[in-house]
Amino acid sequence: MNNPKHNYPTGIREGRIAVEPDNWRREKLKEAVVIAGGTVSPIKDATALVWADPSRPELVPELLEANLEWVQLPFAGIESFLPMLDNKRLWTCGKGVYSQPVAEHILGSILALKRGLVHYARTRGWSNPIGSNLFGAHILILGGGGIANDLLPLLSPFGCMTTVVRRSSEKFSQADRTIDLNDLADILPTVDVVVLALALTPETTGVVDATFFDLLPDTAILVNVARGKHVVTSDLVHALQSGKISGAALDVTDPEPLADDHVLWSIKNCLITPHTGNTPEMGLDLLASRVQENVKNYIAGKPLNGIVDLQLGY
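So in the numbering used here, spot 310 of the sequence shown is number 310, and the numbers just go up one at a time.
There's no promise every hint is true.
Stated by the list, open to error - Heads up, simulated SDA-like pairs for lysine to any residue below, C-alpha to C-alpha not over 20 Å straight-line: (1) K229 / T273; (2) K30 / R13; (3) K88 / K30; (4) K229 / G206.
Rather than coming from a laboratory, the hints here were simulated on the basis of the structure.
Between the sequences and the hints, there should be enough to build the whole structure, so can you do that?
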């Protein structure tokens, strides 16, 4: 499939926007549509759809029978919507919307692991000192999107060496070095912290496996805020238990949610958070701002933000 540049005509138009389905996000998103100058309309009269429920993709196909020029999806990750994407209309998602709170979560996770806070929180008594500095560390970020863009300034005061991995080796302006996936094997032995902040595609599924861990120093830590399926979970368990890496912070897991009796919960150098790098409370205002901006641009016939690449699937 090819991407449409615009599947709606240029020039000023009425902004008849459906906001579906009816849930706790809907009123805030309807308000954003109105502030942007749009009209909240029934789906049968709408030319665009703002989808308010990432957990119910199965309801969308029926609505696509309407004469929709544009569909706004709520999250950056759109795996569950992939079967319905088409080039009959423009699709946008939440790419870049939630990057600031997620970047903040990454920094907190790195510090918690490197300074031994995860270990100390689980120790019932006075223990020997552990930990290492973030200052001067080599940070490898897989993913050259909004999260990397907001994380790099947070790392700047620590004087870190930063490398960003992206699909092409086109320079990522804020990073010291930019590479592509083919160069990973050469750089992993020098890395202190690996941050996963990339889209899930067939190419990146299972990218962090036993071979990946074998190449890292045993002092390295892994932080995953992307998707659990980027990591081969059994290989991660082995790497943590055997000391191949120093620790991991997982905001996403495979499977997800992680069963209460999963072995990862019992590993002392593993910090697990329940996909809260961006909480619903944080995210709704950010999503509403994106909707407001895109509705305003849609009405004016200007380019929208967060356009989904139909070939890449994100």
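We went through each hint and held it up to the structure:
Annotation: proposed proximity of K229 to T273 holds, straight-line Cα distance about 16 Å (limit 20 Å). Distance hint between K30 and R13 is fulfilled; the C-alpha atoms sit about 18 Å from each other, no more than 20 Å. With a C-alpha separation of about 24 Å, the suggested pair K88 and K30 falls outside the 20 Å cut-off, and the hint is violated. Taken as a hint, the K229 and G206 pair is honoured in the structure, with Cα atoms around 6 Å apart against an allowance of 20 Å.
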